[in-house]
Amino acid sequence: MRKPTVILMVLAATLSLGGCSRLDADGAQKSELKAREKRLTEKLSVARQGGAAVPLAKWILPAALREVSGLALLDDGRLLAHNDEQSRVYVIDPLRGVALKMFIVGQPAIRADFEGITVGPGVIYMVDSNGNIYRFEEGEDREHVRYTLHDPKLGRECEFEGIAYEPDSARVLMPCKNVGMKEMKGNLVIYRWRPEAPEEAPTMMAIPLATLVGPSGLKELHPSDMAIDPRTGNYVIIASPEKVIVEITPAGELVQVIRLPGGPRQPEGIAITNDSILIVSDEARKSAASITLYRWPIRAAVGGTQ
Amino acid sequence: MRPLRKIIDFMTLGSGHPIRRLLGYYAFLALVLTIVVRLFPATGNLLIGGGLDASPATSTSEVVLRDGLVDSSPTVSSLANRAFGVGSLGHLAGTTTLILIGTILLMLPVSWVYMSARHVAGHSQAVVQTLIILPLVVAGVVVIVRDSLALAFSLAGVVAAVRFRTNLRDTRDVVFIFLSIAVGFAAGVQTLAIGAVLTFVFNFLLLLTWRYDYGRNVLTPTAASQWAGPLNSLVTRTDWQAVPDRDLVLSLTPEKADALADRFQRVSGVLGTKKKKPRFDAVLSITTDKITEAQELAESVLTDNARRWKLDEVEQNVGKPSEIYYLLRLKKNVSRDDLLTAIRQDAGDRIHTADLESREAIQGEVSASA
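Protein chains in written order, with our numbering: chain B, 1 to 306; chain L, 1 to 370.
One or more hints might be untrue.
[Claimed, not checked] Quick partial rundown of chain B residues pointing at chain L, CB under 10 Å, derived from the structure:
id: 1; residue: Glu32
id: 2; residue: Leu33
id: 3; residue: Arg39
id: 4; residue: Ala63
Hints in this document: simulated from the structure, not taken from any laboratory. Quick reminder that beta carbons are idealized off the backbone N, C-alpha and C, glycines included.
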């Protein structure tokens, strides 16, 4: 047989193999997604009956989300995630582990040290480490969306790593990871800003760390992200260096301190669904970045009033 | 390479034009790439820096994320995931292999352009092979070093210990080497699209600058203008025969072709056309440093010994004797030796050499060369 004929046959075989594998993959994908839903439902029912704090699901994120930073939930339960440096927002179905789409904030995309994301009524907020707040709406797949920027001029006073929207007060909350003001050292500082009145200066809420971390034996707390528990309205703060979750009331009273299960390497984002599923994002270190689902509240408290 | 050549021949309708062949290659490459990305969407990420594990770059459909918990149970899918999943040996080997294949496919046309479009004679085979191999090495290094500052510093230390001191003959070779390094980098960071655009623009730009001799000093005549005169003479001024061997003529320098054209004209003057009897039957060639005196002497001798004669050309040379050519027909009782003797006996230092080529001798020479 002549060489060109052999090469053409090999090429045709490869292409047909690729086509067949794609068809097979489509079928296998659907059954895999059904199996995932079933597994999650089973694990969730076991967890609600008082099971151990085991992960309900864990999804490995694509390389583009290697440095996944913030998480937020849309009203319909879809999860928003973004990475550290680019204004690319991924929309994920957290229950099935499917990346649905990705849209880009700004044309061209903004490059900044993005640290957190949250969802208000019909609008999404993203914050960078200097406290600049980017306000935009959800876009279509691969769409560049327009944004407005608000600078509350808090960059010197605070290094921000998270943001959360409090529906009850219609305010955006931004916890300080590192406090720049000397007089505020030793406090958990949370800034509150009302998007409806952007000209108003943000107000500050300071809670002595001793009242929060003392009972748990921790000496410091560096919040990485923050979420509002939809059922209680409590503030749920995740601290990556300490690898704990701290739940406090809006008045600043400690509810519980939970050591994160599963040994996360760098948990940077947190979100809680309406049906009480806690979602924690973990940046890539030696292995790929991931998001892990737990039943909320986790019964692994190390201190508090629960 | 033969099948690839046949495919390019097919796509360019057998054209030997370098730009068309290059376009044919890139069209074939784009076709194959489109089919592969269509069938295996993850490969598209190697073009734009996503990596095989990232969501497909060309598809807007949903992407199922890998289950991080299923891996802990020893199922067939989990074993496959361990073998070919993100961070696995299979994944790494697959990614690296695709990167290297892509690099070779991008560098092949660069090596063709390097071998074809050159202003100096010949090329270095070592450079051609380097153009193919160097980007592979660079891509491999970038794949290893990527995201690791410690490895980058280590690499800098190792490279500093190895000294490269190779002198390239043509400065343009350096540009090719730089290009191969750039393509290697692009492949290493899995943005082959940048490498593809880079080589595409580079190749066509180089071919065009070569084709139009871009950057030539305006005082230097072009190759075309250097050849136009002599070739035109050969074609238009020779009644007896056009250029006998075109390849032979093209292998001559313009100066030699010019001389050959003169000789053709002179010979044709002597030989005449097929229909008409020639007026002259010999060529007298004289070399001298004193043109006027030599001319006076030769013409007085010719007046005595030739039935008719005509000054054909005086070629003044610098650094070597000038040449004078006469076309003539000798009287019937005058032989070649008589004429040359008459010229030489009174020449003194006025004439260096004198020679007479008769019609018969020229005809014999022409028929021997034909």
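Evaluation of the provided hints:
Hint on Glu32 of chain B holds. Least Cβ distance to chain L is approximately 7 Å, under the 10 Å limit. Of the supplied interface hints, the one on Leu33 of chain B holds, with its beta-carbon coming within about 7 Å of a beta-carbon of chain L, less than 10 Å. Evaluation of the Arg39 of chain B hint against chain L yields a held restraint, the C-beta minimum of about 8 Å falling below 10 Å. Interface hint status for Ala63 of chain B: upheld, as the beta-carbon distance to the closest one in chain L is roughly 5 Å, under 10 Å.
Consistency note: the structure conflicts with none of the earlier hints.
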